[in-house]
Amino acid sequence: MTRYRCVPSLVWVQDAGRVLLVDQETLQAWTLEGAEAAAWDLLALGYPAERVVAMLALLLDVPAGQAASFLEGRLAAWLEVGMLQEGK
Amino acid sequence: MANLVISAICNRTCAYCFTRDHYEDNGGGAVFLDLDGFEARLDFLDRSGIDQARLIGGEPTLHPDFPLLVERARARGKTVIVFSNGLMPEPALACLEALPGDACSVLVNVNAPEDMGASTFQQLCATLRRLGQKATPGLNIYRVDLELAFLLNLVGETGCRPVIRLGLAHPCLSGSNRFVRPHQYVAIGRRIVHFARRAAGAGIRVEFDCGFVPCMFSPPDLEALRALGASAAWKCNPILDIDLEGRAIYCFPLSRLGYLPLTPQANAEKLRRSFEARVQPYRRAGVFVECSTCPLKRSGECPGGCLSATVRRFRHTPFCVTISDQELQGEHLGHSLH
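These protein sequence lines are chains L and B, in that order. Numbers 1 to 88, taken from the working numbering, label the letters of the first sequence in order. Numbers 1001 to 1338, taken from the working numbering, label the letters of the second sequence in order.
Hints were generated in silico from the structure; no laboratory data involved. Quantities reported herein were computed from a predicted structural model and do not represent experimental measurements. There could be a bad hint or two in this list.
[Unchecked claim] On the chain L side, residues computed to face chain B include the following (Cβ under 8 Å): (1) 1; (2) 70; (3) 79.
[As the list claims (entries may be wrong)] The following residues of chain B were derived to be distant from chain L, with all beta-carbon distances above 10 Å: (4) 1097; (5) 1189; (6) 1245; (7) 1247; (8) 1278; (9) 1281; (10) 1284; (11) 1290; (12) 1291; (13) 1313; (14) 1315; (15) 1322.
Think of the CB as a built atom: it goes at the ideal place given N, C-alpha and C, for glycine as much as any other residue.
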């Protein structure tokens, strides 16, 4: 089991078709678009992973397993660049 | 360009005041800049190659040594620019009145007469009369229904410079001041164009302060503004305000974005570059959701409006998500979906 939480110094805004993120401490910036932006929005709304995967599957019109893989890949990538941290 | 804060106090209480965050965070300190501090600020202007001493506050003319500060700035060959609310003590007014026209310019911040009160408004009018062509009235639009026509009479009756500087009341980062919202800009834009037409008919030109955006005007209205000679500019730059503690801030609304020390080596260009780097990540956005994809923003023609309003759009919503190995393999989800 892995628990991810967003970095406390991270702020973001939803723009037209994208999410713009800034780490207020490091001033690193990221732009998420398309399915990535949708996944971030759903997580930020507080949905559990299971619901996020279900909604991504509908949005992307793919099987649940593929949506789960997509989410897993994104979470790992966001963890690696510093948008997320592993939490307790 | 850099503004020097010489007074932390003001004799007006404008609801939209941009300095609110700064003075909330820095209360209890010095109220006025001392003479040594002022000389250090003039040194900073000299090494930055700036020939204007732009004095701000609070209300800068409340400084008890205001005439002396003006004298020191003039001795360094600076043009004195004063950002005032027009309610000046007599020694300060007399000092500015006595300066040659090319040595001084006073931007007098006006509020609607009904919001200022009759006697205060009359005092402001008297200041404009005495300063004549040295004075430019300015107004921050702090509500959508603000009637601007009184400004035309004000210019006509006081003989001040026939230019009106319009600003938008922008939010401090805390949002604790009164400000206009971006969704109100289009309605404000229509009023401004109507006003600019009337002003042009009276031989008065309209200038724009920072934070305006072209999309608050329709294309025909933009053409009309240009034809009327209105200096419609879309800008949001680190103006640099130097506070009483000797620190530079991007501008008052963004004071909570951080301070830079005014070291003996610091010059305006270096400070500006540091601030630009600091705000760059936020610059990808603008005051509207469409800004980040707007061609005018991408080309750099429009910065996306006031950066403080933009930064306020960024939020942090803490979230946490737990993934089990089973979930990640899609096994459990496969069952729940079908």
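Checklist entry - Of the hints given before, which are not true for this structure? => result Hints 2, 3, 8, 9, 10, 11, 12, 13, 14, 15 are the ones this structure does not satisfy, whereas the remaining hints hold.
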